[in-house]
Amino acid sequence: MGKKYLLSILGALLFSGSVYAQTKIAYVDSEKILAEYEDAKIARASLDNSIRQWKHELDSMRLALQTTEDEFKAQQPMLSGDALRARQLEIEKMRKKYDDFAQNIWGDKGKVAAKNKELFDPVLDKINKTIEELAADKDIGLVLDLAQGSIMYAEEGMDMTQDVLTELNREYASVASSVKRKAAVLSVYPLVPKAQFNNLNTTVRGAVLDAVKSFVSEYNLEVISEADIALILQNHNSNLSSKLDSATVVAAGQNLNADFAFTGSVTWESGRIAYTLDLYNTKSGEKLWTLSEDIDEKEEKDLAGRAKGLAAQMIRSRMAPATK
2 MGKKYLLSIL GALLFSGSVY AQTKIAYVDS EKILAEYEDA KIARASLDNS
52 IRQWKHELDS MRLALQTTED EFKAQQPMLS GDALRARQLE IEKMRKKYDD
102 FAQNIWGDKG KVAAKNKELF DPVLDKINKT IEELAADKDI GLVLDLAQGS
152 IMYAEEGMDM TQDVLTELNR EYASVASSVK RKAAVLSVYP LVPKAQFNNL
202 NTTVRGAVLD AVKSFVSEYN LEVISEADIA LILQNHNSNL SSKLDSATVV
252 AAGQNLNADF AFTGSVTWES GRIAYTLDLY NTKSGEKLWT LSEDIDEKEE
302 KDLAGRAKGL AAQMIRSRMA PATK
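So in the working numbering, the last one in the sequence shown is 325, and the numbering has no gaps at all.
By construction, these hints were calculated from the structure, which means they are not laboratory data. Honestly, I wouldn't trust all of these hints.
Cut-off 30 Å, straight-line C-alpha distance, at most; resulting in silico cross-link-like pairs (DSBU-like, lysine-lysine) [unchecked claim]: (1) K97 / K110; (2) K112 / K42; (3) K112 / K284; (4) K195 / K299; (5) K127 / K183; (6) K244 / K214.
Working from the sequences, and respecting the hints, build out all of it.
Below, the structure written as structure tokens:
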């Protein structure tokens with residue numbers, strides 16, 4: 002979702018009257034609004050999920066086509082004329098099906114464009130309406146968009162961006178202030194036997210869990226128990242040390258009724274310990290952030306503290322309740 006979609010509706014909004022020197026002017030940053038408006042985040046995550054599914058289907062079709070072509074090349078010298086033509090026709094049909102599917106998804110009038118319109122038109126309408134209402138309340142006659150790059154200078158107080166975001170996210174702020182949000186620390190996967198033998202995955206997972214617990218009061222969080230997590234992961238043929246793909250993380254998180262879920266991996270090779278943490282919004286299915294760190298093996302004793310600090314950074318940046 003790019004700024005061009007918003008600009009096609011927003012542009013420069015002139016609300017009433019001619020533009021004279023006395024007309025009050027303000028501006029907004031449409032890129033910031035789209036990045037921080039909760040409904041836009043949900044729409045973007047939904048679009049990304051659909052695109053991932055379509056891409057997976059296309060990849061499967063491409064693999065089937067490649068396999069058929071390779072088999073044909075290997076068998077070609079042994080095929081009769083009729084069999085040769087039949088296989089060629091089969092490959093042509095598979096290739097056409099692949100091309101048609103790709104065009105149907107990514108073409109100008111394809112499913113991606115249609116899904117984008119379906120998800121974002123209501124979001125953009127709400128943004129546009131909110132800007133108009135706030136401008137009218139403040140007796141502002143013209144609103145410009147910083148993202149267009151046409152504003153070279155503006156006096157302090159002319160930026161309406163935060164006011165727009167506060168109004169747009171008001172419903173989320175009221176919910177965040179009264180309802181506990183649930184967080185789950187799922188699995189941390191040891192990439193090599195040495196990491197598992199030295200329990201590095203357990204160390205990292207425990208550190209992330211400690212980080213989440215440290216924000217329970219401040220961010221009104223509820224930490225989902227390890228027993229509940231282990232049971233749900235078992236239903237997904239996984240455990241606290243399994244490698245989880247995004248679909249499994251989201252599904253397990255939703256099974257747990259979690260709002261957020263952490264997962265990660267850790268390795269120990271060539272004298273270095275490296276770990277990666279992923280944070281998901283499991284309600285929307287969006288991967289919010291991925292952070293990694295690489296430390297010398299001599300700092301193994303500091304791994305827990307480092308991982309806790311990295312997780313805390315992710316929590317502050319992506320899990321803080323919306324402000325009123």
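Query - Pair hint K97 and K110, alpha-carbon separation not exceeding 30 Å - result: 18 Å, holds
Query raised in the report: Within a Cα-Cα threshold of 30 Å, do K244 and K214 meet the stated pairing?
Result: 23 Å, holds
Requested in this report: Please work out if K112 and K284 have their alpha carbons no farther apart than 30 Å.
Outcome: Status holds; Cα separation ~23 Å.
Requested in this report: For the pair we were handed, K112 and K42, check the Cα-Cα distance against 30 Å.
Outcome: 20 Å, holds
Report task. Could you grab the alpha-carbon distance between K127 and K183 and see if it respects the 30 Å cut-off? Result -> 28 Å, holds
Query raised in the report: Would the pair K195 and K299 pass a check requiring their Cα atoms to be no farther apart than 30 Å?
Result: 15 Å, holds
Violated hints: none; the structure is consistent with every hint.
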